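Trainee: Sequence:
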Amino acid sequence: MSDFSQNPTLNLDFPLKRLWAAHIFFIVLSNYAVQLPVTVLGIETTWGTFTYPFLFLLTDLTVRLFGDRLARRIIFFAMMPALVLSYIFGAIFQQGDFQGLASLTTFSLFVFRIALASFVAYALGQLLDIFVFQRLRQLYQWWLAPAAASVFGNLLDTFIFYSVAFYQTTDAYMAENWVALAWVDYGVKILAGLVIFVPLYGIFLNYILNRLRNHR
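If you count by my numbering, then the sequence shown holds residues 910 to 1125, one letter each, in order.
Hints may contain errors.
Label-pair restraints from in silico Cβ distances [what the hints assert, rightly or not]: (1) 1083 - 986: 22 to 32 Å; (2) 1016 - 989: 29 to 39 Å; (3) 1040 - 1104: 43 to 53 Å; (4) 1053 - 1011: 28 to 38 Å; (5) 1052 - 1079: 34 to 44 Å; (6) 982 - 1064: 38 to 48 Å; (7) 989 - 1089: 25 to 35 Å; (8) 1007 - 1083: 13 to 23 Å; (9) 1085 - 978: 40 to 50 Å; (10) 1057 - 1012: 20 to 30 Å; (11) 990 - 1061: 20 to 30 Å; (12) 1076 - 1012: 16 to 26 Å; (13) 1088 - 945: 12 to 22 Å.
These are computed hints drawn from the structure, not numbers from a lab.
Nothing here was measured: the structure is a model prediction, and the numbers come from that model.
Ideal Cβ positions, reconstructed from N, Cα and C, are used throughout, including at glycine.
Construct all of the structure, not just a fragment, from the sequences and the given hints.
Mentor: And the structure:
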């Protein structure tokens, strides 16, 4: 399937800006949600496990519709605003509790490491996702590209995030258990991705294709 970036009759500014804003929103939301533990079917994880895969869904849709060049542009322009906003919201709502605006007057290394980890993991994980997806996008099985991209992208993203954020951190529990938590987090992401987000990818892809075609 050819992408729409080569079609001069389409105005791509509006959908690309919305995708850019959506990337920033889900990064900030996930960095907050990763501080909120949850137990699902006896498995201890965080709410961030269920919000972060939306980024891979957004990236895969962007590559499919507009090509890898525009997908990389979105990632590049989303990185710095997401880093700044992640720190601000992380400091104000550290560990899920409202700390007040006064928390911004004191530098928090714990919050900054989470924001920085997200910054690095997002950039590298999404770029790997684009690389894998771009090479599989022409296959007839539409689900193979998003599934494979999610498996490899999430693996890199998850372990970069947990190592940068929690290796020898001041939180004793996270410092001791970050490897095990990363594997659980990765496993839940893949399960959620294959069961929920790959089907969502197909639904949103058809919806967006129809909208773009109707606006030619």
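Trainee: All the hints need checking, so say for each whether the structure fits it.
Mentor: Hints, one by one, checked against the model:
no.	hint	in the structure
1	1083 - 986: 22 to 32 Å	31 Å, holds
2	1016 - 989: 29 to 39 Å	18 Å, violated
3	1040 - 1104: 43 to 53 Å	24 Å, violated
4	1053 - 1011: 28 to 38 Å	50 Å, violated
5	1052 - 1079: 34 to 44 Å	42 Å, holds
6	982 - 1064: 38 to 48 Å	24 Å, violated
7	989 - 1089: 25 to 35 Å	32 Å, holds
8	1007 - 1083: 13 to 23 Å	21 Å, holds
9	1085 - 978: 40 to 50 Å	43 Å, holds
10	1057 - 1012: 20 to 30 Å	41 Å, violated
11	990 - 1061: 20 to 30 Å	26 Å, holds
12	1076 - 1012: 16 to 26 Å	24 Å, holds
13	1088 - 945: 12 to 22 Å	20 Å, holds
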